[in-house]
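Engineer: Please work from the sequences and hints to get the whole structure.
Quick note on the working numbering: the sequence shown kicks off at 298 and runs consecutively.
Hints should not be assumed to be uniformly reliable.
[Claimed, not checked] Here are the computed distance ranges between Cβ atoms for each label pair:
id : residue 1 : residue 2 : range
1  : GLN532    : GLY624    : 38 to 48 Å
2  : ASN435    : GLY533    : 49 to 59 Å
3  : ASN435    : GLY331    : 30 to 40 Å
4  : GLY624    : LYS429    : 17 to 27 Å
5  : GLN635    : CYS596    : 41 to 51 Å
6  : SER531    : LEU559    : 16 to 26 Å
7  : HIS563    : ASP755    : 42 to 52 Å
8  : THR337    : GLN635    : 11 to 21 Å
9  : LEU733    : SER444    : 40 to 50 Å
10 : GLY376    : LEU676    : 22 to 32 Å
11 : GLN532    : GLU404    : 24 to 34 Å
12 : LEU733    : ALA516    : 21 to 31 Å
13 : THR347    : HIS470    : 47 to 57 Å
14 : SER654    : GLU566    : 37 to 47 Å
[Claimed, not checked] Keeping only pairs whose Cα atoms sit at most 25 Å apart, straight-line, the calculated BS3-like set for lysine-lysine is:
id : residue 1 : residue 2
15 : LYS634    : LYS407
16 : LYS598    : LYS491
17 : LYS598    : LYS634
18 : LYS673    : LYS407
19 : LYS673    : LYS690
20 : LYS407    : LYS718
21 : LYS653    : LYS429
22 : LYS491    : LYS634
23 : LYS673    : LYS313
24 : LYS639    : LYS653
25 : LYS407    : LYS313
26 : LYS313    : LYS718
27 : LYS690    : LYS491
For the record, the hints were derived by calculation from the structure and aren't laboratory data. Ideal Cβ positions, reconstructed from N, Cα and C, are used throughout, including at glycine.
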Amino acid sequence: MKLTSWLAFSIDRTSKTPIFEQICGFIREQAISGELPEGTRLPPTRVFATDLGISRSTVVTAYEQLEAEGYLQGLRGSGYTVCAMGQVELQGQGTRTLSATSETKVEPAKPFEISQADLRLFPHRQWATTVKRVCRTNPQSMLAGGSLFGCFELREAIADHVSEWRGINASAHQVIITAGSTDALEICVRAVCKTGDAIGLEEPGYLPVRRFASDYGLATSFLNIDGNGAELPSQGDHARLVVLTPSQQFPLGGAMSPSRRLEFIHWAEENNAWVVEDDYDSEFRYSGRPIPAMAGFDCLKRTIYIGSFSKTFSNSLRLGYMIAPEGLVENFHSAMKQIGVKASYMPQPALAEFMKSGEFHRHLRRVRRTYGERRKFLLNRLERDFTDFGSFKDHQAGMQVVLHLNSRFEDFRISQHAADKGMSVQPLSYYSTGDLSHNGLILGFCGSTEEELGRALDLLLSCFSET
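Structural biologist: Here it is, written out as structure tokens:
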């Protein structure tokens with residue numbers, strides 16, 4: 298265990314607590330106790346990382362988390378300084394200190410769990426401050442309910458968000474708050490389909506969508522994935538609806554080509570059909586800005602857009618949203634009257650305030666930077682240690698990477714060995730209807746630190762030796 302030259306801070310590498318959380322806990326305690334008074338400048342991230350013998354991204358993650366919690370202030374070119382504690386911790390005679398040890402500990406995700414955000418990076422204090430402010434200034438809004446489509450202020454904030462991040466121009470009255478993607482799909486189907494209609498689904502694709510289509514009595518046609526994305530339905534399918542993940546195909550990864558997007562839009566126009574765009578994790582693009590959504594490409598004429606907060610913010614809120622073409626707004630209103638509102642109204646005003654204040658976008662930029670470092674670490678290890686077992690494609694986006702296995706390995710067998718070691722490694726073949734070429738491991742990287750990923754990759758290596 299190495300001591301640093303700064304405050305003699307030490308890392309316990311035998312602890313189950315991630316290193317970035319050890320750094321956070323130490324600085325919190327020092328700030329609360331007064332050992333680090335207001336205005337104290339912290340060491341530069343690169344210097345501190347070198348002193349500790351860890352990656353710089355780990356220190357960056359810790360500093361940014363403490364900044365999100367209000368302990369630190371970061372200024373461009375000036376590094377990080379300690380904030381006044383009066384507004385962060387309530388201390389005094391007869392008052393319980395709200396230190397890190399009294400807070401509910403957020404458990405990390407299982408290694409390689411797919412589409413799993415790291416809830417340890419959640420901006421708890423900013424969120425709590427926002428909720429408190431809304432409760433103080435407009436408490437009735439948390440319980441008053443609203444229209445079937447949800448809190449209007451949140452719908453306005455979402456319209457602004459998708460305009461800036463996804464290139465979609467829509468008004469707030471086209472935005473519908475949902476309880477997640479399955480809720481959104483049910484509304485879509487009820488609005489435009491009837492029992493027996495055909496629906497086109499990607500192959501391989503998202504399993505809950507397949508189960509829902511079957512339960513609703515829809516005839517399913519599968520759309521194979523080629524180098525341009527999902528293939529169009531055949532002429533004899535007469536699909537009324539297709540569900541696509543054009544910005545980042547699930548689970549294979551990769552974006553649909555512009556030419557294929559146009560083909561789908563023309564197909565929908567010619568067949569009086571609709572395209573549902575499931576944009577489940579498009580904010581996580583690590584090279585340049587996110588690719589414009591297909592709904593923006595289409596100007597929301599034949600495309601219904603589905604978005605989610607579970608990947609970008611928190612899956613515990615169970616909130617998502619949908620944007621309907623102008624001509625379908627009344628259909629969706631009628632469908633929701635039949636289904637009823639499933640999305641909780643209580644957090645919606647606070648989330649609207651969180652987005653309009655800029656805190657949501659600051660959080661999104663922080664986690665995207667952190668996930669980008671974790672992705673880079675994973676790809677470097679795959680390139681170094683796993684080339685004898687398979688190959689991967691770097692799509693510069695998403696929350697998981699697929700390791701396509703060589704034919705002598707079976708993904709289900711490797712997945713089971715990984716489960717026995719406490720990991721959540723999904724076999725690619727599980728998401729296919731039977732195409733034997735889909736043989737691989739889906740490796741989520743967002744929910745684990747680099748240190749945690751390193752240990753998990755060592756375990757995964759041992760799984761190959763056991764087959």
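Engineer: All hints are to be evaluated individually against the structure, with a verdict given for each.
Structural biologist: Do the hints match the structure? See the list:
1. Between GLN532 and GLY624 the beta carbon distance is about 25 Å. The supplied range of 38 to 48 Å is therefore violated.
2. Remark: the range hint 49 to 59 Å for ASN435 to GLY533 is upheld by a beta-carbon distance near 55 Å.
3. For ASN435 and GLY331, the Cβ-Cβ distance of about 37 Å falls inside the hinted range of 30 to 40 Å, so the restraint holds.
4. Between GLY624 and LYS429 the beta carbon distance is about 41 Å. The supplied range of 17 to 27 Å is therefore violated.
5. One distance hint, 41 to 51 Å for the beta-carbon pair GLN635 and CYS596, is violated here, with the actual separation near 29 Å.
6. In this structure the hint that SER531 and LEU559 lie 16 to 26 Å apart at CB holds, the actual value being about 18 Å.
7. At about 50 Å, the beta-carbon gap between HIS563 and ASP755 stays in the expected band of 42 to 52 Å.
8. For THR337 paired with GLN635, a C-beta distance near 59 Å fails the hint of 11 to 21 Å.
9. Remark: the range hint 40 to 50 Å for LEU733 to SER444 is upheld by a beta-carbon distance near 49 Å.
10. Between GLY376 and LEU676 the beta carbon distance is about 29 Å. The supplied range of 22 to 32 Å therefore holds.
11. About 51 Å separates the C-beta atoms of GLN532 and GLU404, a value inconsistent with the hinted range of 24 to 34 Å.
12. Take LEU733 and ALA516: their Cβ atoms lie about 25 Å apart, and the range 21 to 31 Å holds.
13. Between THR347 and HIS470 the CB atoms are about 54 Å apart, so this pair conforms to the stated range of 47 to 57 Å.
14. The beta-carbon spacing between SER654 and GLU566, approximately 40 Å, falls within the hinted interval of 37 to 47 Å.
15. For the suggested pair LYS634 and LYS407, the alpha carbons sit about 39 Å apart, so the restraint of at most 25 Å is broken.
16. Our distance criterion of 25 Å between C-alpha atoms is met by LYS598 and LYS491, whose separation comes to about 21 Å.
17. Between LYS598 and LYS634, the direct Cα distance comes to roughly 24 Å. Compliance with the 25 Å bound is thereby established for this hinted pair.
18. Distance restraint check for LYS673 and LYS407: the Cα-Cα separation of roughly 19 Å lies within the 25 Å cut-off, and the hinted pair is therefore satisfied.
19. For the given pair, LYS673 sits about 13 Å from LYS690 by alpha-carbon distance, which is consistent with the 25 Å threshold.
20. Straight-line distance between C-alpha atoms of LYS407 and LYS718 comes to about 11 Å, which keeps the hinted pair within the 25 Å bound.
21. In summary, the hint linking LYS653 to LYS429 is supported, as the alpha carbons are separated by about 16 Å, within the 25 Å threshold.
22. Using a Cα cut-off of 25 Å, the hinted pair LYS491 and LYS634 holds, with the two alpha carbons roughly 16 Å apart.
23. With a CA separation close to 23 Å, the supplied pair LYS673 and LYS313 stays within the 25 Å bound.
24. With a CA separation close to 24 Å, the supplied pair LYS639 and LYS653 stays within the 25 Å bound.
25. This hinted pair checks out: LYS407 and LYS313 have alpha carbons roughly 13 Å apart, not beyond 25 Å.
26. With a C-alpha separation of about 16 Å, the suggested pairing of LYS313 with LYS718 holds against the 25 Å cut-off.
27. A C-alpha spacing of about 39 Å is found between LYS690 and LYS491, which places the hinted pair above 25 Å, so the restraint is violated.
The structure does not agree with the numbered hints 1, 4, 5, 8, 11, 15 and 27 stated previously, though it agrees with the rest.
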